[in-house]
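Undergrad: Residues per chain, in single letters:
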Amino acid sequence: MDAPDGLRQLLLDLVSTEPEVRSRVAGLDRGAWDALLASAAEHRVKPLLHRRLAHERSDLDVPAEVRARLADAYLQATLRALRIERELVRVVRILREAGIPCVALKGAYLAYHVHPEPALRPLKDLDLLVPADDARRAHDVLLGAGFGRTPAFSGDAATWASTLHHLPALRPPGGVAVELHHRLDMPGGRRVGDWERGGVWSRLVEARVAGETVSYLSPADALLHLIVHALYQHRLGNGPLTLADIAALTRTGSVDWTLFWRLAAEGGCTRACELLFALTGYYFGPLPVETAPTADTLPRDGAALLPMCAGLIMRGEKAATDERLAGSLAGKGAGGKATLLLGKALPTRAHLAIAYDVDPASARAFLYYVPFWVRLARKRVPELVSRRHAATSTARELAVLDDWLARG
Amino acid sequence: MSGIQGDSVLVRDPDMIAAEMDGDLVMMSVERGAYFGIGGVGTRVWELLEQPHSVDQLCAAIVAEYEVDDDVCRRDVVEFVQKLLDEKLVKPA
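So the sequence lines, in the order shown, correspond to chains A and B. Each residue of the first sequence is one higher than the last, beginning at 1 in our numbering. Each residue of the second sequence is one higher than the last, beginning at 1 in our numbering.
In short, the hints are calculated from the structure, not lab data. Watch out, some of these pointers could steer you wrong.
With a straight-line cut-off of 25 Å between C-alpha atoms, the simulated DMTMM-like cross-links for lysine to aspartate or glutamate are [what the hints assert, rightly or not]: (1) A:Lys124 / B:Asp22; (2) A:Lys124 / B:Glu20; (3) B:Lys88 / A:Glu212; (4) B:Lys91 / A:Glu212; (5) A:Lys124 / A:Asp357; (6) A:Lys124 / B:Asp71; (7) A:Lys124 / A:Asp29.
This structure is a prediction, so every number in the text was calculated from the model and none was measured.
Based on the provided sequences and hints, a complete structural model is requested.
TA: In structure tokens:
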């Protein structure tokens, strides 16, 4: 069961450094703590919560059993972080030996080179950027090295490569999934010309890890990628770690702000960046960001959006896809809704090939409508029905956000 | 290695990766997948061994930074680096 809104907001406040929480924490019973910890697990912030309660918020009245559970989560996250870093070194080595350069994205950079401890930034998987011309070969190289396909990513690799910004995830035996990206995606039709011309490759930073040279995006590129990924791809639904990431990355003091704002302007996402900096600063304290507004100075009614954005951040990723459909349905008449839903029920062969390992050009692809409809009936429709009110409400909030972002 | 001397120079095995955890260090060998843990002053010795250091140099640094007697420091450092050598976390430089 989802934690109620008040607990989710409390969790965001607890993993942050600024909001006052003492009175709200004092009133929590066992059930509330269980729900809060479940939400923390969903958002991968149990280690960060442990740190806050051990350091910045050490004087809070927290049951010993809760502290013990968080301490265990923190230890397990540390051990897992090392296992994943080991995977990263091995994957980089395999690709290097095949003559394929790669760049470790997102968590693989943030956990090991930005946050003070890697446990504070749990990774779900490894995201690596490879040159577009090498992407299919990199995929085959990893398959040849014993990596296997995962059930969640069982579609046709060629269709993935031509349709999406990354190939189907691969996983070594007992290891973490690896996603090979062939472009830095800018969702919503936005384009950063510099990124499309391969500008990031000339600005990479490197670190030696276990004798291997691992490349990362420059801090400016990484920060912009983080913000657009959170706001435009996940619609803020990827949780409070985004704000912790922004705070930590800006505080490294290594961001080239001239470059950053130029790239943001090219991608038409300057306001998005201003909004996220203001939101992060509200929760994590003043950020050393050149020329960015704060929560108090965010112009054009932006400050009024911050509480809504906080709610969007804490709603969880599962809700995000439901909201896209709800948003699409909103404002349509019966005929429009029927057309939209019919389109969802009868996807293209290319769409089927993303979900199932079938050649989209083959007539066999149509056979996969059967398992597609079975899944739709058994899983998606019940989920959508149960979440329809929350999804519709959130879709309206996202429309308000999009309207503000579009007003230049 | 038959015995560690003051002029024995050691350096970290580059195969090791490490994570800080509340002031301590948890480490892993990429090749072997084995975990190791270091706490207290050992974390400072590990930090110093990112670059080659003799045992004498390690002891001098520790004595300068911590309130410890020179003889006690030397005994503890030698014992500690011997363990690091035994576990192949460091190697002669």
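Undergrad: Are the hints correct? Go through all of them and say.
TA: Each hint, compared with the structure:
1. A threshold of 25 Å between alpha carbons decides the hint, and for Lys124 of chain A with Asp22 of chain B the separation of about 23 Å falls inside it, so the pair holds.
2. The hinted pair formed by Lys124 of chain A and Glu20 of chain B meets the criterion: a straight-line CA distance of about 20 Å does not exceed 25 Å.
3. Using a Cα cut-off of 25 Å, the hinted pair Lys88 of chain B and Glu212 of chain A holds, with the two alpha carbons roughly 19 Å apart.
4. Restraint check for Lys91 of chain B and Glu212 of chain A: satisfied, since their Cα atoms lie roughly 18 Å apart, inside the 25 Å limit.
5. Taking the CA atoms of Lys124 of chain A and Asp357 of chain A, the gap is near 23 Å; set against the 25 Å cutoff, the hint holds.
6. For a cut-off of 25 Å, the pair hint linking Lys124 of chain A to Asp71 of chain B is broken: about 48 Å separates their Cα positions.
7. Restraint check for Lys124 of chain A and Asp29 of chain A: not satisfied, since their Cα atoms lie roughly 30 Å apart, outside the 25 Å limit.
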